[in-house]
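K.L.:
Chains as they are written, first to last, in the working numbering: chain V, 1 to 140; chain F, 1 to 140; chain P, 1 to 140; chain R, 1 to 140.
Keep in mind that a hint or two might mislead.
[As the list claims (entries may be wrong)] Derived DSS-like pairs (lysine-lysine); straight-line CA-CA distance at most 27 Å: (1) V:K106 <-> F:K91; (2) R:K106 <-> P:K91; (3) V:K91 <-> R:K91; (4) F:K106 <-> P:K91; (5) R:K91 <-> V:K106; (6) R:K91 <-> P:K106; (7) P:K106 <-> F:K91; (8) P:K106 <-> F:K106; (9) P:K91 <-> V:K106; (10) R:K106 <-> F:K106; (11) F:K106 <-> V:K91; (12) R:K106 <-> V:K91.
[Said to hold, decoys possible] To list a few chain R residues with every Cβ distance to chain F over 12 Å, as calculated: (13) S16; (14) A23; (15) Y25; (16) E32; (17) E43; (18) L107; (19) G123; (20) A124; (21) E125; (22) M132.
[Claimed, not checked] Far from chain P, by Cβ distances over 12 Å, these chain F residues were calculated: (23) R12; (24) F13; (25) E24; (26) E43; (27) G50; (28) A79; (29) R96; (30) K106; (31) A112; (32) V113.
The set of hints was computed from the structure by calculation and includes no laboratory data. Even for Gly, the Cβ is constructed at its ideal location relative to N, Cα and C.
4 protein chains.
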Amino acid sequence: MDIVMNADALNRFLDSEFPQVAAEYRVEQVNETGLVARLAVGEAHLRPGGTVSGPSIFALADLAIYCAILARIGPVALAVTTNASIDFMRKPEAGRDLIADCRLLKLGRVLAVAEALIYSAGGAEPVARCSMTYSIPPKS
Amino acid sequence: MDIVMNADALNRFLDSEFPQVAAEYRVEQVNETGLVARLAVGEAHLRPGGTVSGPSIFALADLAIYCAILARIGPVALAVTTNASIDFMRKPEAGRDLIADCRLLKLGRVLAVAEALIYSAGGAEPVARCSMTYSIPPKS
Amino acid sequence: MDIVMNADALNRFLDSEFPQVAAEYRVEQVNETGLVARLAVGEAHLRPGGTVSGPSIFALADLAIYCAILARIGPVALAVTTNASIDFMRKPEAGRDLIADCRLLKLGRVLAVAEALIYSAGGAEPVARCSMTYSIPPKS
Amino acid sequence: MDIVMNADALNRFLDSEFPQVAAEYRVEQVNETGLVARLAVGEAHLRPGGTVSGPSIFALADLAIYCAILARIGPVALAVTTNASIDFMRKPEAGRDLIADCRLLKLGRVLAVAEALIYSAGGAEPVARCSMTYSIPPKS
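Extracted from the complex, chain V is given alone in its bound form (with noise of 0.2 Å):
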């Protein structure tokens, strides 16, 4: 699984093809074994008593596992997650960014599988984990 996309790569396609959100997520690093990105938490993505929503945790794992898999794949903008499985462990800390660890765990023709756990920036137990599998369109 060799590396065809770093880090800003990956944060400049963001930018040009998802411009709704790309200003609230960055990925920050694209390793070995996966990419760590980070959501910067604003008012819109809080609930009542300060946490963050479920919906935001989804979505900063949804982005992560994607950036994952074009991280190794190339800008093929048409994959899309097919599953989705989240456990949502501990309550976010309140004023923090919430980072995404995620592990590519299989990279086939046509579909990929990862896992994401996610915390509270500077937190040390995740505060969500999320498995999502994702369909890649054949090449044309």
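Start from chain V and add chains F, P and R according to the hints.
P.N.:
For chains F, P and R alone, coordinates are given in the frame of chain V:
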């Protein structure tokens, strides 16, 4: 499982407790086995190609299941999702709202389990399937 | 989704292809949306306290969903489960068979998605809920 | 999360509480983050083509996660699985045992969450990934 909050009561609850998102979501009907909710799809929910984003579909399922539980136990704002599993099966039709048809499968003392099928409004086949577990806080 | 194998044809297929387990499982009915299958619960399926083991419930859901797919595409022995999500909701009643009521949600060219509710025979409330994705091999 | 049962203690517990399956499963190691367990693959676990059945892989993950929890809370036989999500990623290698490498992610008062990667013994890439939630009964 008597119904203690109807669609109007749930919508007022969303307006007061979740003002960030309440404008987009409406509970349409509380029925014997669950609940029907609608997402008014707008620009913010779209992805390249005109499809509705995965996190938007997840958010609709989450809200529908949350409200299906509250309809039976009353306005317990602190019920939290502990687990979710979602299958994305078809591309939502462009320019249509999304409808969640939710069915409560278990309402225990500490855990509730429900599933939702998500449709493009007027569509016959589900675009996604989601099941979730909620943890219900003890009564004080 | 025309039906190409009925309950008898599926049971004969199980007898010939899965002799290790075929004695325990029977397809009872193929219907318009899915299929009903039964696990004859025996000593080997029980856990301390007389309950049916989780893996036995998983195996029943897996078999029911597999057969629901074959009922539409014919005897493709090599269709494989790629993902499963299961919620165990209630303790099965002692001394009763288990019934899987399976519904096919998507039958695509390469992926099929279905869900199953599992009941104690004669019981009104599901003991478990399961959804699975199957990968369908290309026709040669 | 102090360790209160080591591998020997867990294996003796399996022998006495789960005599039906104990011969097939062994806890190999309890470590700081989780546990390693082994399934001695035999004829009963195989499917056509020589692969290990999905339910057998599920059962190994379930047992490994159960034991990883007991290693920290002691012999609470009545802890029960409430949710499981599993991805089957590769075909297990014929004629090899399966190894579950399990990591405990949360050990709360009422819920525990863990994940397991399943390998063919000696294999470098996981054949399956599983996450589970267990409900822990209150102390009497």
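K.L.:
What hint numbers does the structure not satisfy?
P.N.:
As far as the earlier hints go, 3, 9, 22, 30, 31, 32 are violated by this structure, in ascending order.
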